[in-house]
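J.: The chain contents come next:
There are 2 protein chains.
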Amino acid sequence: MVKVVIIGSGNVAQHLIAAFQNAQIQGSEIELVQVYSRQTASVSHLLDLEQITNDLDTLAEADLYIISVSDDAIASISSQLPFKNRLVVHTSGSVSLNALDEDNRKGVFYPLQTFTKNKPVDFKTIPICLESENATDFQLLDKVAKSISEKVFAINSDQRKALHVAAVFVNNFTNHLYQIAQEICQEHQVPFEILKPLIAETANKIMVLSPEEAQTGPAKRNDTETIAAHEAFLSQANHLDIYKTLTQSIQENGKKL
Amino acid sequence: MVKVVIIGSGNVAQHLIAAFQNAQIQGSEIELVQVYSRQTASVSHLLDLEQITNDLDTLAEADLYIISVSDDAIASISSQLPFKNRLVVHTSGSVSLNALDEDNRKGVFYPLQTFTKNKPVDFKTIPICLESENATDFQLLDKVAKSISEKVFAINSDQRKALHVAAVFVNNFTNHLYQIAQEICQEHQVPFEILKPLIAETANKIMVLSPEEAQTGPAKRNDTETIAAHEAFLSQANHLDIYKTLTQSIQENGKKL
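Protein chains in written order, with UniProt numbering: chain A, 1 to 257; chain B, 1 to 257.
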């Protein structure tokens, strides 16, 4: 059995705990032996009490320590570990491998997904991006990752940075566009519900078409009359700013092709 | 039976034809009696030849004529109809009801969805936004719409304009964000595939959470260090422009709450 300890109890940590437990039930060779949480209570609904510690000095012996805490706590937690030369990874998209303390072997175990508290996800479909300093450690990370996901990738730090920025576009920024749409609906007394099938199909399309093939709309068609009407219709400055910036970018793209 | 004629053979028209045929098989009281298409061949895979005409003067008698052509052809087609005082609607989100010719009773039958050629959609889930000049016509439109969809709404012209602009945000602009993410991936040799589960879950989340509740990321957290790192990382001017504009809008939103 490969022994794993998770350090942290936030959103990502909790989803990882559930994923490893699930895999164990299905006979995986990975054993989640312990979880560290400052507040024992935050994971006591997921684990037996003897599997939880709130003291780094009592961390169990394991083949892999997964630090899943907020970005700015990674360096500090990793420097407090009471052992040396073990494999220690973090789960962040934006923190460098070198943020981890030199005393241990470093790696990254980054599940690229947006996790919502209490909303279960099918971990099997979540890409896990791995990085390590040597091939032996990579093999171990690969084995652990494949026990919970069907999509495991070797991703170096530069590639991970690119993925993290790209994720901001497709997740944070896309969600903000949903919010603007909701604000426009509210202003004109239209239920936001009406847009939900369109939101679902827009994401669906990209599973089978490239973004270029899927692009439609007035900016793409260079329909200046509709664009002018939309700009006149938008009453909030930030809505108009975003409309103009994205319209211009789509139009410039059209010229490049 | 309520008799319907569809005028047009583009993407929306073809999906409407399939939806009415489907409903008819399932015993609906709506009968698609004829389709007008300039090129008979463009719909001959969907209908018997005797149901197709390419001559407006041979249009069949019907209770409802649905003009589903490009926005700028609606006025012209509607003025060429060889009859008076019948119910004629268009399917556009951005064209006014008054673009239709005065000779007939006017209405709008706007299915709010993005239609892809050869990609079937479940019409039952597509919102149809209706508008008419009087209550009797509305009842007929309502009956026809409900034969193909479970989501039928009375939407006036101002509300429809709002929906159309909002749809540009959640569809056209969101798709453009997907494209930028793909460009960033390509530049750094990362497969765009890795982002697809995140794209799907971002749309999924909005089915159960409000956009405000679903918002995460460096802009929302006011994580200026990560924002600066992302801005330094982006090499294309339009990517940086969009990053800055959307980040600022998310940050200003945070201040409003």
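The hints are simulated quantities; they were obtained by calculation from the structure and are not laboratory data. Using N, Cα and C, we set each Cβ at its ideal position, and we do this for glycine too. Incorrect hints may have been included.
Below are the DSS-like pairs computed for lysine-lysine, each with C-alpha atoms no more than 30 Å apart in a straight line [as the list claims (entries may be wrong)]:
#1 Lys117/A to Lys161/B
#2 Lys256/B to Lys244/B
#3 Lys3/B to Lys117/A
Here's a subset of chain A near chain B, in silico, CB distances under 7 Å, partners left out [to be verified]:
#4 Gln24
#5 Ala166
#6 Ala200
J.: Each hint needs a verdict: does it hold in this structure or not?
T.: These are the hints, each one checked on the structure:
Distance check on the hinted pair: Lys117/A and Lys161/B sit about 36 Å apart at the alpha-carbon level, beyond 30 Å; violated. Restraint check for Lys256/B and Lys244/B: satisfied, since their Cα atoms lie roughly 19 Å apart, inside the 30 Å limit. Taken as a hint, the Lys3/B and Lys117/A pair is broken in the structure, with Cα atoms around 51 Å apart against an allowance of 30 Å. Hint status for Gln24/A relative to chain B: violated, with the closest Cβ pair at about 23 Å, above 7 Å.
About 4 Å separates the beta-carbon of Ala166/A from the nearest beta-carbon of chain B, less than 7 Å, and the hint is met. Of the supplied interface hints, the one on Ala200/A holds, with its beta-carbon coming within about 6 Å of a beta-carbon of chain B, less than 7 Å.
Violated hints for the displayed structure, listed by number in ascending order: 1, 3 and 4.
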